[in-house]
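Undergrad: Residue strings, one per chain:
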Amino acid sequence: MKRYIAKRLLLIIPMLIGISFIMFTVMHLAPGDTASIKYGMNPEVSGSARANFDKMYDLDKPVLVQYGLWVKRLISLDFGSSLIDDQAVMAKITSRLPATLLLQIISLFIIFLIAVPIGVISAVKRNSFFDRIMTIFVFIGYATPSFWLALLLILFFGFKLGWLPISGMSPWYTAYLDSFDRTKDLIAHLVLPVVATAFGSLAALSRYSRSSVIEVMNENYVLTARAKGLSSSRIVTAHILKNALLSIITIMGLSLPALISGSFIFETIFAWPGMGRLGYEAIMNYDYPVVMGVGVIATFLTLIGIFLSDIAYAFVDPRIRVGGEK
Amino acid sequence: MNAIIEVTDIKKYFAKKSFFYGAEKMPVKAVDGVSFTIDKGKTFGLVGESGSGKSTIAKLVTGILVPDSGKMSIEGDIDIVFQDPFSSLNPRMTIRDIVGESLFVKGVNREEIEDKVVKILHRVKMKNMECLDKYPHQFSGGERQRIAIARALVTQPDIVVLDEPVSSLDVSIQAGILNLLKDLQEELALTYLFISHDLRVVEFMSDVVGVMKSGKIVEIASRQEIYSNPQNEYTRHLLSSIPKI
Amino acid sequence: MNKRIIFGIVIIFVMTLSAVLAPFVARYDPLKMDLSEDARLEKPSREHFFGTDNLGRDVFSRMVYGARISLSVGFIAVFISLGMGIFLGGISGYYGGWIDSVIMRIVEIMYCFPTFFLIMMVITFLGPSIVNVMIVIGLTSWAGICRLVRAEFLSLRERDFVQAAKVQGVSNFRIIFRHILPNAMGPVYVSATLSVGGAILVESALSFLGLGIQIPEASWGSILTAGKVYIDYAWWLTLFPGLAILITVLSFNLMGEGLREVLDPKLRERK
Amino acid sequence: MENILKIKDLTVTIGGKEVLSDVDLTLLPGKISAIVGESGSGKTMMSLAILDLLPDVAARISGEILFRGKNIFDMDNKEKQNMRGNSISMVFQEPFTALNPVMRVGEQITETIAAHKIISEEKIQGCLKGLLKMVKLSEDIASCYPHELSGGMRQRIMLAIALSCDPEILILDEPTTALDVSVQKEILDLVMGIQKERCFSILFITHDFSIVNMVADEVHVMKNGRVIEKGAKEIIFKSPENEYTRHLIDCIPKLGDERERLPESE
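Residue numbers (our numbering), protein chains in the order written: chain X, 1 to 326; chain E, 1 to 245; chain P, 1 to 271; chain V, 1 to 266.
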């Protein structure tokens, strides 16, 4: 088990290198090779930034050498500084990270807590009224353009009904509130972004949970459990759920990249002061150091998430935990 | 003696893959120094329990796998019939294409292929000849095994490896296939390597029998010797385990 | 026949047909502006089924032409990812060894990476255009199909009919194309159908962020985006394009799920 | 003698196809009855029907299965649960898939006891030790997961589960088909030994007449969902009335067989 964890953890490093290399190459795809053309696209780039940029990327050297040097600096978490305002990239990201993590983790919890029960109930009561309704919900949820949903949410709950705030996380007035009201205000600001973020994954995961539970229900050991005279609740909780959870955990891990991808859209729509919006703005401004920084950190977070799901999997599955494969 | 197959001290180890990357230190010794010879026109029966390495021998002799060490000399063409007729026939090919493929890849022309395919299907006693344009799932297990035998024999090989050819069939079907194999051997002067876990079937089919355990042949002798006067402890144990009628 | 497949096919067929026959289906020139006060932001009516936009253009006509772009992005992107996925997955699964290791590492990277960010980067740096959008979506979405094809190849490679073909001296080329590939395609069809919907969604999200199709051409996503400024008093500008995307993606998903039910032996009744 | 299980005119239809047709069968206390048949004969359906575990998909059932005089199709869920694993228990063919891979085998045994008996945890653990000893496994096996055990060991665990509540009827559905011959012998000897001691009834389902010869008192031969012949073992083997029965016995190669060819059926 320890070896398993260590190996999984070590795997993160080559993945990170591979992904950052792809991004690095993509940046060099931008038309023109020299820094001046890149600046030409954005008049906001200041003189000192240009100097920084040249230094940061050693643009006179071959791409591979440039990449090597960049990785060397990355080890000390030095992503250079922004071309727009000269701030250190790392500082910019760390100031935005908590907002993103808050939104993502809450969404993840909500997805898990709602989708799995929906899937299990639909599977156990297959073809019931509940199952049919949920199937329709799932198919629609899966096909809905999420940004469109976000717009509709803003239209109804923001403009028409005026129930919920539609943008930002903590406006200026929160400084004057006590902690209880501040939390209340934060929750109000979270509702719409969380709903928009969670909606698509919710549909996907409940569908997936349903089919994994059905698959497990067809296994011979479930027949054994029934032949033993166990009650149906015992069969579901002790035999079906734990086995179905194995594949659900895997898919949760694999859905993280989609969730992070969503953050670039939703943080922009809801003006959420997180890393996703930072990344989007950086791309639009050709702010390469920030783009690279956001890309690497986003990937790192995804990899950590997948690592955690691997650990959870190993924890549930004795074939990995105990070993001794026959 | 005119040995058509001569296998000397072949070995095949598989690196045991652990759950994720990296091989474990202890390889599985699937075949661990096996030697035997088969005379022309005879049947060599290879019997053993699961994991004994008998199927690996089939793959080594037919060239699907390459031995790590040892010598094999095989005089003549060789073909194979597998255990499971549900998996040994390509579900998306017609019977004509399945049986005729080995002729096709050798560049035999269309009429000749058709002719040979029809002849061999007659020979394995496929009852209706409308089967040519049908697909494997339209046949029963026994019929599929006949088709598999036809495929193996269409190029007129000298040697056929039969890897558990009746193990997944019902006993009443099994009898027909075993009889057919005996008939074909006589008509076409075939040499068989007959692999099975069932000592009774091996006794019925073989001239010489080898008993395998954990990658090694523990006893090898004529059929009469093995069944009436077994020398090895394990052979005796196996024989005593068979329920008697 | 499966109800879901029929529903999916009918809708996709109608959408595709009206996209192809756009000049006959649309009643107005999609680019014709009418800036007079009473022609702009008109509500849906008999004259203009889906109303008019801020420049007085007929939204229905724009959407019929937009279908051309949205659908072709979906189809071509999937075509690219299908080609790459089958090729790489096939050689990975059939040959194994170091080729397999290299390809699978790349696939894992694609899996663990928020690809949307990469797509945004590439489109921005290369400049947004329909062709770029198609290619980039295609090049970033092959990993799933690759893994699927590889898994099929790995298991089919060990099947007895492939082993038998090897014994009979059938060439690798023929084994791959005659024996393995036809048997591996079932799940690939399912995945490809579902991916078309996915690609349409990604294109619309890109357009929404201003990185997709550029004016004057329009996809459903960009029509929707242009309308979002007026969401408060011209709801039809966002509602109809969104619904069009939803219904189209839904049809592809239903068709894919239907295909899965038909093709997946696990879902069929057990013998 | 009074019967313990009586099946009357049982007909089961799945998806429009009759898998069992007018089956009659009587099980006597303390006796071993075998059901022999080839694939598709409906023998597995029989065993599932007795525990009312037939697949839900369009299974239409007529006829009666009387356990101690009560029709199991008239029982409510509670009564059925009480019967399954307690009065009638079952061992399946595939020891590799019949055990839950993520639960320790000890718990898979004890949960059966806990489901049927109201006794203390200590006593349950005592039962567990006794059961493991009975199937000739060491006590520390209880903390293993199924993947750590061999096929034969797993089938012993299945046997321990099935015997954990002292059933009156044990159904064995091809219990040794997936095992090697030497392991088969051990398992069969074990089952026969325990049965002699405890005198429950066994319904032994198999395709193999040589196993029937080894274990059974009574034999039922099935073909295409029908029982085509039944009777005491000695009679069936010596003078089968039905052509098919005779063929099934004759077509197996026997040790020391002098025949050049085996009889083929049409």
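Among the hints, a few may not be true.
[Said to hold, decoys possible] 30 Å max Cα-Cα, derived DSSO-like pairs, lysine-lysine:
{"no.": "1", "chain 1": "P", "residue 1": "Lys228", "chain 2": "E", "residue 2": "Lys125"}
{"no.": "2", "chain 1": "X", "residue 1": "Lys7", "chain 2": "E", "residue 2": "Lys29"}
{"no.": "3", "chain 1": "X", "residue 1": "Lys125", "chain 2": "V", "residue 2": "Lys123"}
{"no.": "4", "chain 1": "E", "residue 1": "Lys213", "chain 2": "V", "residue 2": "Lys185"}
{"no.": "5", "chain 1": "V", "residue 1": "Lys6", "chain 2": "E", "residue 2": "Lys127"}
{"no.": "6", "chain 1": "P", "residue 1": "Lys32", "chain 2": "P", "residue 2": "Lys228"}
{"no.": "7", "chain 1": "V", "residue 1": "Lys233", "chain 2": "E", "residue 2": "Lys244"}
{"no.": "8", "chain 1": "E", "residue 1": "Lys29", "chain 2": "X", "residue 2": "Lys2"}
{"no.": "9", "chain 1": "V", "residue 1": "Lys196", "chain 2": "X", "residue 2": "Lys125"}
{"no.": "10", "chain 1": "V", "residue 1": "Lys136", "chain 2": "E", "residue 2": "Lys213"}
{"no.": "11", "chain 1": "E", "residue 1": "Lys40", "chain 2": "V", "residue 2": "Lys223"}
{"no.": "12", "chain 1": "E", "residue 1": "Lys244", "chain 2": "V", "residue 2": "Lys223"}
{"no.": "13", "chain 1": "E", "residue 1": "Lys244", "chain 2": "V", "residue 2": "Lys238"}
{"no.": "14", "chain 1": "P", "residue 1": "Lys166", "chain 2": "E", "residue 2": "Lys119"}
{"no.": "15", "chain 1": "V", "residue 1": "Lys238", "chain 2": "E", "residue 2": "Lys182"}
{"no.": "16", "chain 1": "P", "residue 1": "Lys228", "chain 2": "E", "residue 2": "Lys40"}
{"no.": "17", "chain 1": "V", "residue 1": "Lys223", "chain 2": "V", "residue 2": "Lys254"}
{"no.": "18", "chain 1": "P", "residue 1": "Lys228", "chain 2": "E", "residue 2": "Lys11"}
{"no.": "19", "chain 1": "V", "residue 1": "Lys123", "chain 2": "V", "residue 2": "Lys6"}
{"no.": "20", "chain 1": "V", "residue 1": "Lys196", "chain 2": "E", "residue 2": "Lys244"}
{"no.": "21", "chain 1": "X", "residue 1": "Lys125", "chain 2": "P", "residue 2": "Lys3"}
{"no.": "22", "chain 1": "V", "residue 1": "Lys185", "chain 2": "E", "residue 2": "Lys244"}
{"no.": "23", "chain 1": "X", "residue 1": "Lys242", "chain 2": "V", "residue 2": "Lys185"}
{"no.": "24", "chain 1": "V", "residue 1": "Lys31", "chain 2": "E", "residue 2": "Lys244"}
{"no.": "25", "chain 1": "P", "residue 1": "Lys43", "chain 2": "X", "residue 2": "Lys160"}
{"no.": "26", "chain 1": "E", "residue 1": "Lys134", "chain 2": "V", "residue 2": "Lys223"}
{"no.": "27", "chain 1": "X", "residue 1": "Lys242", "chain 2": "V", "residue 2": "Lys123"}
[To be verified] Sample of chain E residues facing chain P (criterion: CB under 10 Å; computed from the structure):
{"no.": "28", "residue": "Gly76"}
{"no.": "29", "residue": "Asp79"}
{"no.": "30", "residue": "Met93"}
{"no.": "31", "residue": "Ser102"}
{"no.": "32", "residue": "Leu184"}
Derived by calculation from the structure, the hints in this document are not laboratory data. Ideal Cβ positions, reconstructed from N, Cα and C, are used throughout, including at glycine.
Undergrad: Failing hints, ascending?
TA: 1, 3, 5, 9, 11, 16, 18, 19, 23, 28, 32
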